[in-house]
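Enquirer: Below are the chains, spelled out letter by letter.
Protein chains: 2
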Amino acid sequence: MAILGGKAIVAQSGGPTAVINSSAAGVIQTCLENPKVFTAVYGGLNGILGVLKEELFDLGAEAPAEIDRLRRTPSAALGSCRHKLKDLQTDRTDYERILEVFKAHDIRYFFYIGGNDSMDTAAKLGQLAGQIDYDMIAMGVPKTIDNDLACTDHCPGYGSVAKYNSTAVMEAGRDTDALYTHDTCTIHEVMGRNAGWIAAATGLARRRSEDAPHIILLPEVPLVIHKFVDDVKACLTEFNRCFVACGEGVKTPDGNYLADAGGNFAKDSFGHTQLGGAADAVRAIIESRVGIKARTNRAGTAQRVAMHFASKTDVDEAYMAGAAAVQAAMKSISGKMVTLERLNDGGKYACTTGLADLEEVANGEKKLPAEFIDSNGTGVTDAFRQYALPLIAGEAPVEIGPDHLPIYTRLARKPVPKKTGTEYDVR
Amino acid sequence: MAILGGKAIVAQSGGPTAVINSSAAGVIQTCLENPKVFTAVYGGLNGILGVLKEELFDLGAEAPAEIDRLRRTPSAALGSCRHKLKDLQTDRTDYERILEVFKAHDIRYFFYIGGNDSMDTAAKLGQLAGQIDYDMIAMGVPKTIDNDLACTDHCPGYGSVAKYNSTAVMEAGRDTDALYTHDTCTIHEVMGRNAGWIAAATGLARRRSEDAPHIILLPEVPLVIHKFVDDVKACLTEFNRCFVACGEGVKTPDGNYLADAGGNFAKDSFGHTQLGGAADAVRAIIESRVGIKARTNRAGTAQRVAMHFASKTDVDEAYMAGAAAVQAAMKSISGKMVTLERLNDGGKYACTTGLADLEEVANGEKKLPAEFIDSNGTGVTDAFRQYALPLIAGEAPVEIGPDHLPIYTRLARKPVPKKTGTEYDVR
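Sequences listed follow chains A and B, in order. Taken in order, the first sequence gives residues 9 to 435; the numbers are from our numbering. Taken in order, the second sequence gives residues 9 to 435; the numbers are from our numbering.
Derived from the structure by calculation, the hints contain no laboratory data. Keep in mind the model is a prediction, meaning the values are calculated, not measured. Among these hints, one or two may not hold up.
Put simply, identical chains are the same to the list, so a pair is met inside one copy or across any two.
Said to hold, decoys possible - Only pairs whose alpha carbons sit at most 27 Å apart, straight line, appear in this in silico DSS-like list of lysine-lysine:
id: 1; residue 1: Lys426; residue 2: Lys339
id: 2; residue 1: Lys339; residue 2: Lys374
id: 3; residue 1: Lys235; residue 2: Lys92
id: 4; residue 1: Lys44; residue 2: Lys92
id: 5; residue 1: Lys61; residue 2: Lys301
id: 6; residue 1: Lys301; residue 2: Lys94
id: 7; residue 1: Lys320; residue 2: Lys15
id: 8; residue 1: Lys426; residue 2: Lys15
id: 9; residue 1: Lys111; residue 2: Lys235
id: 10; residue 1: Lys111; residue 2: Lys375
id: 11; residue 1: Lys339; residue 2: Lys61
id: 12; residue 1: Lys61; residue 2: Lys241
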């Protein structure tokens with residue numbers, strides 16, 4: 009098949025990570041290195057929203073040094089979104105608008121960096137383009153701290169959130185070690201609404217049994233109150249303190265999120281009903297049923313963009329995934345997401361890229377497998393450690409400014425003049 | 009005055025920090041370098057609690073490399089406490105017990121690393137020892153992330169929590185920048201119950217007006233709801249997003265903590281009463297009165313022990329303060345706390361140590377001065393930047409293990425045999 013040629017667009021979607029910009033750098037730099045194929049490289053402002061609104065900017069106009077700095081810049085420098093497109097089966101207008109914009113600008117390559125929903129968008133766009141005989145290539149680049157995408161060994165973003173959170177738990181665990189006579193229990197909430205990959209990663213901090221986290225609450229293991237209370241009491245007997253790492257998506261045996269049900273479990277010591285995240289619900293359980301003081305930590309969005317202590321392996325693989333998407337597109341491959349494939353090079357970790365159908369990724373979800381969870385359901389196995397440890401290897405470089413804080417780039421975002429002549433009502 | 013000579017004890021008190029162990033290393037190594045004066049160096053387990061219970065351990069028996077590793081280890085390696093001694097005026101038993109333990113072991117030097125309360129303890133102990141003609145030296149080493157101790161330019165622990173939090177706000181601010189179409193507002197809560205030093209430090213992240221934090225809520229500036237709502241709306245008009253850094257000790261105009269009053273302000277969108285920290289109360293205000301979605305981040309204890317991105321200046325000064333306490337004690341100085349004094353060496357920051365009376369420190373508190381707060385009450389001035397920037401200079405070294413996580417030490421804590429023959433009922 010002949011090389012298509014034309015303009016490329018790259019966009020970012022969903023929750024930011026420490027390394028989604030590294031993937032963007034991989035896409036952008038590889039495109040710019042091949043100007044005969046990619047006649048221009050545009051960015052879509054705030055993911056697919058920017059395409060719908062025809063808010064595009066010219067990445068070729070950015071200073072090359074700033075593009076390179078994307079490798080060391082957290083969050084989504086092109087802007088992100090959580091916009092859900094209309095259902096293709098019932099209302100094609102969103103997809104038709106996207107193709108209208110692409111046609112107007114002769115955009116022939118679409119690189120979408122995101123999770124399940126983004127892969128679904130890219131897949132459907134490719135299908136519709138085929139139906140109307142508009143030649144274009146749609147490629148996906150995986151991105152999610154949740155590490156729950158199907159078809160790939162792991163996801164760019166996971167290694168960094170794992171490294172940061174396991175370090176934060178190691179440190180906060182030391183805090184509880186020191187002050188246990190006053191603050192006996194700490195509950196450290198981490199992200200992960202449906203899968204326990206991030207919560208499991210905090211288990212890497214536990215080098216010795218006395219180390220935090222003593223108990224890990226995973227979304228995959230329903231929280232049975234009386235068992236949990238017994239686990240906490242046993243921990244207090246053994247260590248005088250208890251450090252709990254808690255996935256935000258921990259569920260009760262009836263399948264509801266603990267965070268939503270917090271108020272049903274207990275009143276706090278002032279008689280107020282608890283409301284908040286999963287950690288607040290766990291705190292209510294511990295304070296009312298174990299009778300000790302508990303504190304909660306919840307770094308929130310700060311954990312997923314903690315570039316100041318990110319995994320170098322993750323940053324490098326994120327870049328590699330972005331570059332691989334462009335390389336595949338140059339071979340006229342379309343409708344695929346780049347995957348990360350683990351090589352066992354004589355026991356030494358190595359990683360290469362592969363390809364998976366966008367539809368397969370869009371419809372899949374990878375939870376923490378049973379062999380990674382210990383027999384009590386509150387810790388991780390050596391098999392998990394072997395899986396996860398290589399992903400946190402190396403410390404990503406941090407560029408420090410004269411004000412002693414990290415230097416992160418902001419792109420100039422030189423606007424591309426609009427060509428469709430139509431406004432589109434984004435709902 | 010002749011050199012006293014005898015055993016030394018060092019203990020740590022209050023909330024852990026990234027650098028309180030660096031101060032301990034300064035005390036311990038300087039004592040061990042002077043064995044003719046200090047015949048042994050003991051640690052008190054969990055601060056003054058360990059002295060009361062005669063739970064002491066021999067720091068001279070630790071591997072020297074592990075003592076040195078204290079400089080790179082967060083939290084309180086000797087154990088800490090929040091134990092309040094009985095009031096000396098009404099019940100001398102606690103103080104008499106401490107002196108009983110000191111006499112039994114011939115402990116002549118007491119080095120207490122902590123905040124106001126610890127300085128009060130050390131001061132009173134020194135007074136009582138004088139009254140009963142027990143020759144001993146009591147020296148204080150400052151420690152508090154809150155930076156609110158009197159008589160010192162700044163406090164060991166502050167530079168590191170400032171560096172970590174300003175970095176976290178810079179990063180989380182980028183997250184809000186990227187996802188503002190969905191998550192328009194983020195409230196990032198930091199520690200500081202009575203003084204706004206830590207909240208103010210997040211202002212260092214704001215290099216340009218569009219950068220987070222757009223609004224800083226300080227305990228020194230009462231939160232007036234309608235003004236705050238107006239500030240948020242103005243921010244949204246200018247930047248489409250709003251990032252609020254919030255000190256946990258923010259107060260309402262009637263002097264109550266916002267965190268305690270959260271439930272009075274607003275019901276959340278589900279009709280539940282809000283309860284939680286200050287950030288939760290701020291979120292309730294924003295969601296109900298501005299009508300946008302807001303997220304909250306609260307790193308909790310993880311922020312004060314974030315050794316993985318601590319200030320090298322802070323680590324070094326903490327060590328210097330510990331060493332200076334020992335050097336003063338060797339000159340038979342007693343009843344003093346080491347202070348940090350800023351030198352203006354031709355415009356270049358430099359720092360040396362001084363001494364202040366323990367009583368003066370115990371009775372003082374240093375809030376954020378008016379000249380450090382901008383005219384709107386929601387930002388910091390250049391004078392504050394000039395004050396704070398040197399304190400976050402340099403990145404403290406992090407030793408990484410084969411598991412790609414930091415190596416922190418655990419002391420062996422070889423117990424010192426008890427000598428008093430009496431149990432003491434600690435209440």
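Enquirer: Evaluate Lys426 and Lys339 at a C-alpha cut-off of 27 Å and name the case that applies: within, between, both or neither.
Expert: neither (30 Å within a copy, 77 Å between copies)
Enquirer: When no copy is named, should Lys339 and Lys374 be tagged within, between, both, or neither for a Cα gap of at most 27 Å?
Expert: neither (29 Å within a copy, 66 Å between copies)
Enquirer: Should Lys339 paired with Lys61 be assigned to within, between, both, or neither, using CA atoms and 27 Å as the limit?
Expert: Answer is neither: 30 Å inside a copy and 74 Å across each miss the 27 Å cutoff.
Enquirer: With 27 Å as the alpha-carbon cut-off, assign the pair Lys111 and Lys235 to within, between, both or neither.
Expert: Neither: 60 Å inside a copy, 48 Å across copies.
Enquirer: Using 27 Å as the alpha-carbon threshold, which applies to Lys61 and Lys241: within, between, both, or neither?
Expert: between (56 Å within a copy, 25 Å between copies)
Enquirer: When no copy is named, should Lys61 and Lys301 be tagged within, between, both, or neither for a Cα gap of at most 27 Å?
Expert: For Lys61 and Lys301, only the inter-copy Cα distance (23 Å) is at most 27 Å; the intra-copy one is 51 Å.
Enquirer: At most 27 Å between CA atoms: does that hold for Lys111 and Lys375 within a copy, between copies, both, or neither?
Expert: For Lys111 and Lys375, the Cα distance exceeds 27 Å both inside one copy (39 Å) and across copies (61 Å).
Enquirer: Up to 27 Å between alpha-carbons, please classify Lys426 paired with Lys15: within, between, both or neither.
Expert: For Lys426 and Lys15, only the intra-copy Cα distance (15 Å) is at most 27 Å; the inter-copy one is 79 Å.
Enquirer: Checking Lys301 and Lys94: alpha-carbon separation at most 27 Å within a copy, between copies, both or neither?
Expert: between (48 Å within a copy, 22 Å between copies)
Enquirer: Is it within, between, both or neither when you check Lys235 against Lys92 at 27 Å Cα-Cα?
Expert: Neither way: Lys235 and Lys92 sit 40 Å apart in one copy and 35 Å across, limit 27 Å.
Enquirer: From the Cα coordinates, with 27 Å as the cut-off, is the pair Lys320 and Lys15 best called within, between, both, or neither?
Expert: neither (31 Å within a copy, 48 Å between copies)
Enquirer: Cα distance capped at 27 Å. Does Lys44 pair with Lys92 within a copy, between copies, both, or neither?
Expert: neither (34 Å within a copy, 74 Å between copies)
Hint violations for this structure: numbers 1, 2, 3, 4, 7, 9, 10, 11, all remaining hints satisfied.
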